[in-house]
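S.K.: Spelled out, the chains give:
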Amino acid sequence: MSERTLVQVQRTIRMRHLWKKVLMTALVYGIAIAYFFPILYMFLSGFKTEQQAVMPAIFFKPTLETYRKVLSDPTMYQYLRNSLFQVLVGTGVSLLLGVPASFALVFGRLKHPESNGKFYLWFITTILLPPVAVLIPLFTWYQQLNLINTPYGLMMAYVGFHTPIVVWMVHSFFSDLPGEIFEAAEIDGCSKLQQLTRIAIPLARTGIISAGLLVAVFIWNEFFLGFNLTGNPTATLPVYMSRFREQQGMFVAQLSASSTIAVLPAIILGWMTQKALVKGLTMGAVKG
Amino acid sequence: MKTRKTEYRFLMPAIVVVAIMTQFPFLLTVIFSTLRWNLSRPDLPRTFNGFDNYLYFLKIESLQHIPEFYSILWQTVLITGVTLLLCSVVGFILALLLDHEIPGVNIARTLMLGPFFVMSTASGVIWKTTIFNTTFGWYGVIAKALGATPVDLVSYHPIGVIIVLFTWQWMPFFILVLLAGLQGIPQDLVDSMRIDGVSWLQGVFKIKLPLIMNHMRVAIMLGLVFLIKEFGLILVTTAGGPGTRSYTLPYAVYMQVFSANNVGRASALAVMTVVLTLILVNLLYRSIVKRNARYS
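Line by line, the protein sequences give chains A and B. Counting in my numbering, the first sequence runs from 1 upward without gaps. Counting in my numbering, the second sequence runs from 1 upward without gaps.
Bound-form chain A, shown alone:
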């Protein structure tokens, strides 16, 4: 084969590879955009007027009018404030309870050596429990104690359901830390509390933060308990979204603007946690 044809053959192979890559890229992007489309369209429609939003269209003259209208509605703020309370306090308390517990489960010497595993398993099985299983007693208690009209009742339920998730995720991050550090710290006279706050938490910082963000997303989106255990003054954003059509009617632009406000924080937080999400949720299970 002469030199020239060899170069030509190489070139056609390279071209074929290039074409394959271009097609593959187009396919992947096409699917991704189609998949994301409902969210994208919701995001766009929030910048339409009601008249513009009646008929589906992607190109239009954007306006902030609808957002101004939605944000001037005081009830929206109330739902937003309630949701923020649940997310901040609920996530905070879940971490406060879950992080020390997972530390004790990973590095602690409990009475029986097998206790660590048993308690861990107990937390995991709690994740399997669907909220319907607890709704009825909680509902009757909350009505008697008038907790329906305070945010604390719902918050405690969220803590109960999300502490096990914190334990599960943080457990896998703590398990990555070498146990010798803590033995050395122990010999140096470092108390357990110091070992937790000075060594374990700083070392597993990113993992703990992403566990917190994931729990925040879960609480922000939680509907079943939020819907059934709250009254009008304490209801959260998912409840607002579920009532939207009956209370505000069929206003596509308003609906889109409100859902964008309800959905965007969770998507952004979720994107931030994606790496830790896989690791935290799968590590124990994949290896086990």
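There may be inaccurate statements among the hints.
Claimed, not checked - Simulated crosslink set (DSS-like; lysine-lysine; CA at most 25 Å straight-line):
no.: 1; chain 1: B; residue 1: K5; chain 2: A; residue 2: K279
no.: 2; chain 1: A; residue 1: K118; chain 2: B; residue 2: K5
no.: 3; chain 1: A; residue 1: K279; chain 2: A; residue 2: K118
no.: 4; chain 1: A; residue 1: K111; chain 2: B; residue 2: K5
These are calculated hints, taken from the structure and not from any lab test. Owing to the predicted nature of the structure, the values given are computational and were not obtained by experimental measurement.
Put chain B on the given structure of chain A with help from the hints.
M.R.: Showing chain B alone in chain A's frame:
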């Protein structure tokens, strides 16, 4: 001894709170399920009635009158099962696709992950008004442009609509987990596959899939646990309707408490929901353990 005390001080608060908020109420639910207790009849005493609440749902008096419970159970299993099947099959294909080195592939991955973090009530309302609506939605507009008459999918195919929406929300999670598995396959294995002339199909099904079976297991397991308790999306799209055709067990519990005010029967249904969850998780776990044993 002293250190041991601190360890329990770390552990106990979490255990106490979780027990009070989840396990203890569940025990009460089990007790409630044996009571005759109707909130709309405060004049009637709360009395123990054994398994009557369960029998009300389960007892088949004649084949013409099979209790509604069985169709609700079937719908729950159908919705969850088909969703998980779609998520794992299509999710695996999409994960393979996203496993390629493409410029900016992370953007595509991130976009596809989006729906997983959308609250179910919002995604239900958004799909119902901007996609499925026969006059204002994309489906209606496109169907008319093609000369077809759009039908109200939400009332004619409620289960299909719910399955599509559940799949849309949960497939990103499957892709995320399966992709992590695919990327954990060592590169030299992939290279030697290519050198040995393994065909694409063989490579995918005989080598890659078995290697990420554990990831698949985790995804299906978590998907099952979360899907079976899903409630908000059904409430805002079909509201269980038409009739009870898209009821699932959690939705039926909700209706028993807040429409029928029957605490006893609602509790019995809630207990059966938990039992169903445990049975399905157990079956899944066993089948997969068996499969793993065969491969290793």
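S.K.: None of the hints should be skipped; say for each whether it holds.
M.R.: Status of each hint after checking the structure:
no., hint, result
1, K5/B - K279/A, "violated (31 Å)"
2, K118/A - K5/B, "holds (18 Å)"
3, K279/A - K118/A, "holds (22 Å)"
4, K111/A - K5/B, "holds (10 Å)"
Violated hint for the displayed structure: number 1, the only one.
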